[in-house]
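Listed below are the residues making up each chain.
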Amino acid sequence: MSGELAIRLRGAVKRYGPITAVDGLDLDVPVGTCVGLLGPNGAGKSTTMRMLTAQAIADEGELEVLGYRLPQDSKQARAHCGVVPQLDNLDVSLTVEQNLLVFTHLYRIGRHHRHAAIERSLELANLVDRRDTRVDKLSGGMRRRLLIARALVHQPRLVLMDEPTVGLDPQVRQQLWALIDRLRHEGTTILMSTHYIEEAQRLADTVLIMSHGKGVARGKPADLVLEHAGREVLEVYGPPKRLAEVESAASAHGLKTRRTGTSVSVLGLEARNGFDFEGERRQANLEDVFVLLTGEEIA
Amino acid sequence: MSARAASVHTGSVESVLRSLPVRAARLLDGTVAMGWAELHKLRHDHLDIFTRSVQPLLWLFIFGTALQHNHALSGGYGDYRAYLAPGVMAQAALFVAIFFGLGVIWERDVGQLQRLLATPLPRLGIVLGKATGAAIRALAQAVVLLVVIAVARISIHWSVQGVVGAVALLLIGTAAFACLSMILASLVKTRERFMGIGQLVVMPLFFASSALYPLAIMPAWLRVVAHANPLSYEVHGMRDLLLGISAGGWLWLDFAVMISFLVVTAVVAAKTYPRAIL
Numbered sequence: 160m161s162g163e164l165a166i167r168l169r170g171a172v173k174r175y176g177p178i179t180a181v182d183g184l185d186l187d188v189p190v191g192t193c194v195g196l197l198g199p200n201g202a203g204k205s206t207t208m209r210m211l212t213a214q215a216i217a218d219e220g221e222l223e224v225l226g227y228r229l230p231q232d233s234k235q236a237r238a239h240c241g242v243v244p245q246l247d248n249l250d251v252s253l254t255v256e257q258n259l260l261v262f263t264h265l266y267r268i269g270r271h272h273r274h275a276a277i278e279r280s281l282e283l284a285n286l287v288d289r290r291d292t293r294v295d296k297l298s299g300g301m302r303r304r305l306l307i308a309r310a311l312v313h314q315p316r317l318v319l320m321d322e323p324t325v326g327l328d329p330q331v332r333q334q335l336w337a338l339i340d341r342l343r344h345e346g347t348t349i350l351m352s353t354h355y356i357e358e359a360q361r362l363a364d365t366v367l368i369m370s371h372g373k374g375v376a377r378g379k380p381a382d383l384v385l386e387h388a389g390r391e392v393l394e395v396y397g398p399p400k401r402l403a404e405v406e407s408a409a410s411a412h413g414l415k416t417r418r419t420g421t422s423v424s425v426l427g428l429e430a431r432n433g434f435d436f437e438g439e440r441r442q443a444n445l446e447d448v449f450v451l452l453t454g455e456e457i458a
Numbered sequence: 278m279s280a281r282a283a284s285v286h287t288g289s290v291e292s293v294l295r296s297l298p299v300r301a302a303r304l305l306d307g308t309v310a311m312g313w314a315e316l317h318k319l320r321h322d323h324l325d326i327f328t329r330s331v332q333p334l335l336w337l338f339i340f341g342t343a344l345q346h347n348h349a350l351s352g353g354y355g356d357y358r359a360y361l362a363p364g365v366m367a368q369a370a371l372f373v374a375i376f377f378g379l380g381v382i383w384e385r386d387v388g389q390l391q392r393l394l395a396t397p398l399p400r401l402g403i404v405l406g407k408a409t410g411a412a413i414r415a416l417a418q419a420v421v422l423l424v425v426i427a428v429a430r431i432s433i434h435w436s437v438q439g440v441v442g443a444v445a446l447l448l449i450g451t452a453a454f455a456c457l458s459m460i461l462a463s464l465v466k467t468r469e470r471f472m473g474i475g476q477l478v479v480m481p482l483f484f485a486s487s488a489l490y491p492l493a494i495m496p497a498w499l500r501v502v503a504h505a506n507p508l509s510y511e512v513h514g515m516r517d518l519l520l521g522i523s524a525g526g527w528l529w530l531d532f533a534v535m536i537s538f539l540v541v542t543a544v545v546a547a548k549t550y551p552r553a554i555l
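Protein sequences appear in the order of chains D and Y. Per this note's numbering, residue 160 is the first one in the first sequence, and the count goes up by one each step. Per this note's numbering, residue 278 is the first one in the second sequence, and the count goes up by one each step.
Hints may contain errors.
Computed Cβ-Cβ distance ranges for the label pairs, DEER-style [claimed, not checked]:
id, chain 1, residue 1, chain 2, residue 2, range
1, D, H271, Y, R300, 16 to 24 angstroms
2, D, L327, Y, L379, 25 to 33 angstroms
3, D, G299, Y, R300, 35 to 43 angstroms
Derived coverage of chain D by chain Y (criterion: at least 3 residues anywhere in the stretch with Cβ under 8 angstroms from a Cβ of chain Y; other residues may be distant) [what the hints assert, rightly or not]:
id, stretch
4, 263 to 270
5, 347 to 358
Derived BS3-like pairs: lysine-lysine, alpha-carbon spacing no greater than 27 angstroms straight-line [to be verified]:
id, chain 1, residue 1, chain 2, residue 2
6, Y, K466, D, K234
7, D, K415, D, K373
8, D, K296, Y, K318
9, D, K400, D, K373
10, D, K234, Y, K548
11, Y, K466, Y, K548
12, D, K400, D, K379
13, Y, K318, Y, K466
To be clear, the hints were calculated from the coordinates, so they are not data collected in a lab. Bear in mind that the values here come from a model prediction, so they are computed numbers and not experimental data. Every residue gets a Cβ at the ideal spot worked out from N, C-alpha and C, and that includes glycine.
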């Protein structure tokens, strides 16, 4: 099975009127890996997710999910995919267990397997003792866990998560990370879109950074950092005038820089060639790569 | 894997036919699951059923009582309230169905529809599941109205097959009008606009039908309109089943018209509704 692709996109294009939301995207998600789709708002992550879940039909390009061509065989593909949406769309007046039961029917789980499927999902999301609680009585974290449990009820071969932790507090986010990490270790194939860099760095085997509907870099997080931002970064604080000086000096030394709000970061410092400024040294990270490649001002 | 997927896609007519029972079973299972969820939601919504029952009861007991002995309106039937009862039941269900689209637009806005689209449930299953939800609400309302009619001793002909038949016709009609509502929802897309369109559709459907008065007393042009209005057939059939009166026409035709109306609106809604509101 190694090397087999759960998702294969070639030259996918999706236009909404004059706007090209996805512009010739190539994407590979090998079976058994977790791929992070990283990009600023408006980069085309959600549109990519929508194309994969049959909520949008690509204008051009080849799309294959689990060997099924989209959009022709979308229904077969959807039967083997679990989708964790960005918006919480649980049935709030039903209980935890009832929400899962409805989905066992929608995903055509045979009568004799429904009970076991529900138990497994409840256990996975740590909601066993909440099975009879109505969803509107659950905490935000529990609702998110249920949303993931619901996507897993039919043991999908591929899980698509669209910004699974957007707008959540750090505790809940960590709970979800633990849950996603567990799935990953069990060998579930995951495609996850996010704009939280830390999330991608922690959970994804490989990331694809998107900008303006295109993939601008792909690879293991550590490799991408090394390739684009080097090992060491110098972060210099100061008034705008000084920051501009640092930038031009760095550029003269052939070093890349990026703004970090109140400071400027000089990347790849290990190759400094005599560049010397007072500042804070730190390790290069994926955020450096992200800002470098996707631009500072967000469209 | 690609080869397997391709062979699934290029199925012959024969294999498509062979898979029909399986597909039908899946469609039914998904539809039933959605209907079941709607039923559970309804259990937490007693107030809704009560408040929705007030308007038909006003029609029945104020409008109906005021004109109780008007034989022209009742087409010669003894008690106008009894004549009116099936019309009011159908009207109440029509309101539930037509404004169902409002809830559907709301569901789109909060991502409920997207959740369903991501499942392998066929589009037709989503539409029929939603329509079942509307029919279940109409059923709860019909039971309330029938109980009130029984308690108030309004003289309809009680028989098991009559009541079951009338309720069945009512449910088919409600499901069909709910599909019509979904088609409208996919055209207007916003809740504010839908309110206006809903009113624009529901009142002519109601008045240009035999819900309140027999077709015979209408001017010729209105009679033509009423003959093209599915609600007339729904009411005609219910009156036949609950009162044993028929203003010409046949019961089987009433069922045939309503079932065809449901098939057409469901198929159109399955095409327009998920696409148009994404």
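Each hint tested on the structure:
1. Judged by the Cβ atoms, the range 16 to 24 angstroms given for H271 (chain D) and R300 (chain Y) holds: they are separated by roughly 21 angstroms.
2. Checked against the hint of 25 to 33 angstroms, the pair L327 (chain D) and L379 (chain Y) passes, with Cβ atoms roughly 31 angstroms apart.
3. Hint check: G299 (chain D) to R300 (chain Y), Cβ distance near 39 angstroms, so the stated range 35 to 43 angstroms holds.
4. As drawn, the stretch 263 to 270 of chain D meets chain Y at 4 residues by the rule of a beta-carbon pair under 8 angstroms; at three or more, the given contact holds.
5. Counting residues of the stretch 347 to 358 of chain D whose C-beta lies closer than 8 angstroms to any C-beta of chain Y gives 0; at least three are required, and the coverage claim is violated.
6. Restraint check for K466 (chain Y) and K234 (chain D): the C-alpha separation of about 25 angstroms stays at or below 27 angstroms, so the hint holds.
7. Restraint check: the Cα-Cα separation between K415 (chain D) and K373 (chain D) comes to about 22 angstroms, which is no more than 27 angstroms; the hinted pair holds.
8. The straight-line distance between the Cα atoms of K296 (chain D) and K318 (chain Y) is roughly 15 angstroms, inside the 27 angstroms bound, and the hint therefore holds.
9. A C-alpha spacing of about 34 angstroms is found between K400 (chain D) and K373 (chain D), which places the hinted pair above 27 angstroms, so the restraint is violated.
10. Distance hint between K234 (chain D) and K548 (chain Y) is fulfilled; the C-alpha atoms sit about 15 angstroms from each other, no more than 27 angstroms.
11. Our distance criterion of 27 angstroms between C-alpha atoms is met by K466 (chain Y) and K548 (chain Y), whose separation comes to about 15 angstroms.
12. Proposed proximity of K400 (chain D) and K379 (chain D) is contradicted: the alpha carbons are some 36 angstroms apart, above 27 angstroms.
13. A hinted pair counts as satisfied when its Cα atoms are at most 27 angstroms apart, and K318 (chain Y) with K466 (chain Y) qualifies at roughly 24 angstroms.
Violated hints, in rising order: 5, 9 and 12; the structure is consistent with all others.
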